[in-house]
Amino acid sequence: MQWTDDKVQEEIVTLLQPFNPKGIELTPETDLSADLYMDSVAAMNLVMEIEDRFDIDIPISLLPDVNNLQDLVDVVLAQKSKG
Amino acid sequence: MSLFDKYDQVAARHDRLLAAGRDPFNICMDRIVSATEAIIDGRDVILVGTNNYLGLTFDPDCIEATVEAIRHEGTGTTGSRIANGTYSSHRALEQEIAAFLGRKAAMVFPTGYQANLGIIAGLAGPKDTILLDSDSHASIYDGCRLSGATLIRFRHNSPADLDKRLTRLGDDKGGKLVIVEGIYSMLGDQAPLDEFVDVKRRHGVELLVDEAHSLGVFGDNGRGIAEAYGVEDEVDYVVGTFSKSLGAVGGFGASSNPEFEQLRFTSRPYMFTASSSPSSVATASATLKKIQSQPQLRRQLWDNARALYDGLKDLGFEICAATSPIIAVRLPSEEAAVFMWNALIQGGVYVNLALPPGTPDGSCLLRCSLSAAHTPAQVRKVCEVFDAARRAYKEWEATQSAAE
Chain B
1 MQWTDDKVQE EIVTLLQPFN PKGIELTPET DLSADLYMDS VAAMNLVMEI EDRFDIDIPI
61 SLLPDVNNLQ DLVDVVLAQK SKG
Chain Z
1 MSLFDKYDQV AARHDRLLAA GRDPFNICMD RIVSATEAII DGRDVILVGT NNYLGLTFDP
61 DCIEATVEAI RHEGTGTTGS RIANGTYSSH RALEQEIAAF LGRKAAMVFP TGYQANLGII
121 AGLAGPKDTI LLDSDSHASI YDGCRLSGAT LIRFRHNSPA DLDKRLTRLG DDKGGKLVIV
181 EGIYSMLGDQ APLDEFVDVK RRHGVELLVD EAHSLGVFGD NGRGIAEAYG VEDEVDYVVG
241 TFSKSLGAVG GFGASSNPEF EQLRFTSRPY MFTASSSPSS VATASATLKK IQSQPQLRRQ
301 LWDNARALYD GLKDLGFEIC AATSPIIAVR LPSEEAAVFM WNALIQGGVY VNLALPPGTP
361 DGSCLLRCSL SAAHTPAQVR KVCEVFDAAR RAYKEWEATQ SAAE
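Taken in order, these protein sequences are the chains called B and Z.
Just so we're aligned: the first sequence equals residues 1 to 83 in the working numbering.
Just so we're aligned: the second sequence equals residues 1 to 404 in the working numbering.
Hints were generated in silico from the structure; no laboratory data involved.
Bear in mind that the values here come from a model prediction, so they are computed numbers and not experimental data.
Note that CB positions come from ideal geometry on N, CA and C, so glycine has one too.
No false leads were mixed into what you were given.
Mimicking PhoX-like on lysine-lysine, the simulated pairs with C-alpha atoms at most 25 Å apart in a straight line are:
| no. | chain 1 | residue 1 | chain 2 | residue 2 |
| --- | --- | --- | --- | --- |
| 1 | Z | Lys-173 | B | Lys-82 |
| 2 | Z | Lys-164 | B | Lys-7 |
| 3 | B | Lys-82 | Z | Lys-127 |
| 4 | B | Lys-82 | B | Lys-7 |
| 5 | Z | Lys-394 | Z | Lys-381 |
| 6 | B | Lys-7 | B | Lys-22 |
| 7 | B | Lys-80 | Z | Lys-127 |
| 8 | Z | Lys-313 | Z | Lys-394 |
| 9 | Z | Lys-164 | B | Lys-80 |
| 10 | Z | Lys-127 | Z | Lys-173 |
| 11 | B | Lys-82 | Z | Lys-164 |
| 12 | B | Lys-80 | B | Lys-7 |
| 13 | Z | Lys-173 | B | Lys-80 |
| 14 | Z | Lys-313 | Z | Lys-381 |
| 15 | Z | Lys-127 | Z | Lys-164 |
A few chain B positions that, by computed beta-carbon distances, are all more than 12 Å from chain Z:
| no. | residue |
| --- | --- |
| 16 | Met-1 |
| 17 | Gln-2 |
| 18 | Trp-3 |
| 19 | Thr-4 |
| 20 | Val-8 |
| 21 | Gln-9 |
| 22 | Glu-11 |
| 23 | Lys-22 |
| 24 | Gly-23 |
| 25 | Glu-25 |
| 26 | Leu-26 |
| 27 | Asp-31 |
| 28 | Leu-36 |
| 29 | Asn-67 |
| 30 | Asp-74 |
| 31 | Ser-81 |
Derived coverage of chain B by chain Z (criterion: at least 3 residues anywhere in the stretch with Cβ under 8 Å from a Cβ of chain Z; other residues may be distant):
| no. | region |
| --- | --- |
| 32 | 37 to 46 |
| 33 | 51 to 64 |
From just these sequences and the hints, can you work out the full model?
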């Protein structure tokens with residue numbers, strides 16, 4: 001399957017729902033920490049869900065650059081293109 | 001902008017903790033009475049949160065050996081092994097550890113934290129990949145970061161997830177190191193080491209096991225989880241600490257890899273830190289002998305672990321893992337955990353308070369660690385105080401909701 005920016009975003013929005021108890025609108029700019037109040041452990045758990053969904057590994061070193069939803073999309077696309 | 005602005009949230013949380021009572025992360029023991037008792041704020045307290053598994057910290061033979069070492073070798077080494085010299089006692093202890101574990105060589109570090117830093121950052125480099133269990137201790141994470149290797153986390157205690165990730169890596173050229181712990185410090189749950197060994201063998205990668213909480217505790221001879229599972233030959237590197245069952249301060253790495261000792265001149269956390277003090281080395285050497293000569297200590301430890309586990313379970317507390325010398329009681333909220341931790345101290349019992357994000361799955365825990373030195377009466381008292389602390393919390397909770 002060819003993953004596009006939109007499709008990846010759609011999947012990540014689904015995976016983010018358990019981390020969004022207040023049900024705020026999720027946009028590419030939604031910040032994981034400031035808007036969703038995710039701590040480092042929650043973020044790592046989300047990353048594992050994303051890894052499973054897309055069948056990729058996201059090395060820990062890439063995570064400091066991940067702040068918002070779009071950053072997650074970019075990381076997934078970058079890792080997918082490696083595979 | 002202040003350098004400390006980034007800590008605003010965590011500092012506010014700490015202030016809220018202090019408002020609820022004592023500081024759980026900075027408790028001061030005015031006097032240490034024994035391996036299982038201290039005086040805190042003038043009160044006699046049973047220690048159930050010290051990781052003093054075999055209760056050897058006040059063993060007369062070990063104290064004597066330690067005092068002798070200070071008399072003969074002095075109070076400190078005043079420098080590093082590579083720049084300022086190795087004491088014969090460092091080397092002797094390394095040989096004793098290697099012999100005990102059936103490995104060719106061992107390297108001693110000033111703390112367990114540094115042992116993980118030194119061994120992991122020494123073994124792996126920027127072109128290598130480390131696959132680590134997601135619940136790994138901070139010292140493992142920090143050692144991994146220091147190595148510069150690509151870091152991939154696999155799901156906690158899941159050989160299947162590790163297998164999947166190793167398969168994904170395919171024929172990636174760099175070296176690959178898998179890291180797990182024998183038992184995990186927060187919940188006391190065990191790694192399924194036989195299954196991990198099966199995966200690592202199939203993929204032809206190397207395995208490091210941190211036996212910090214399992215050395216002296218698991219295995220017929222106290223060599224840890226790898227001995228208990230009968231897979232020691234498949235564990236390429238063992239890391240351990242002196243600050244738990246060995247009742248001292250320090251750590252070690254051990255291996256039969258013929259190139260292992262190259263780490264002495266390549267691993268920065270080994271090279272650029274002061275060497276272990278003569279007293280720590282002498283204590284570890286003496287307590288290591290006790291582990292071997294007094295297997296009854298392990299039996300006492302496990303008897304105590306079972307007694308506390310059963311006692312708390314009978315009282316209806318939720319315990320996170322199967323019986324082990326670490327018994328983590330899960331509380332429904334941070335408020336409940338903090339209240340009960342304070343009530344336990346008030347009742348004369350010290351346990352560890354563990355809160356997210358330092359715990360798996362956002363759990364709020366009261367973590368107990370047993371010792372061979374605990375008496376059955378102490379274990380019964382701990383259960384009674386847990387029960388009373390929970391009653392006090394329920395009453396307090398009722399007054400709170402009545403006030404609302």
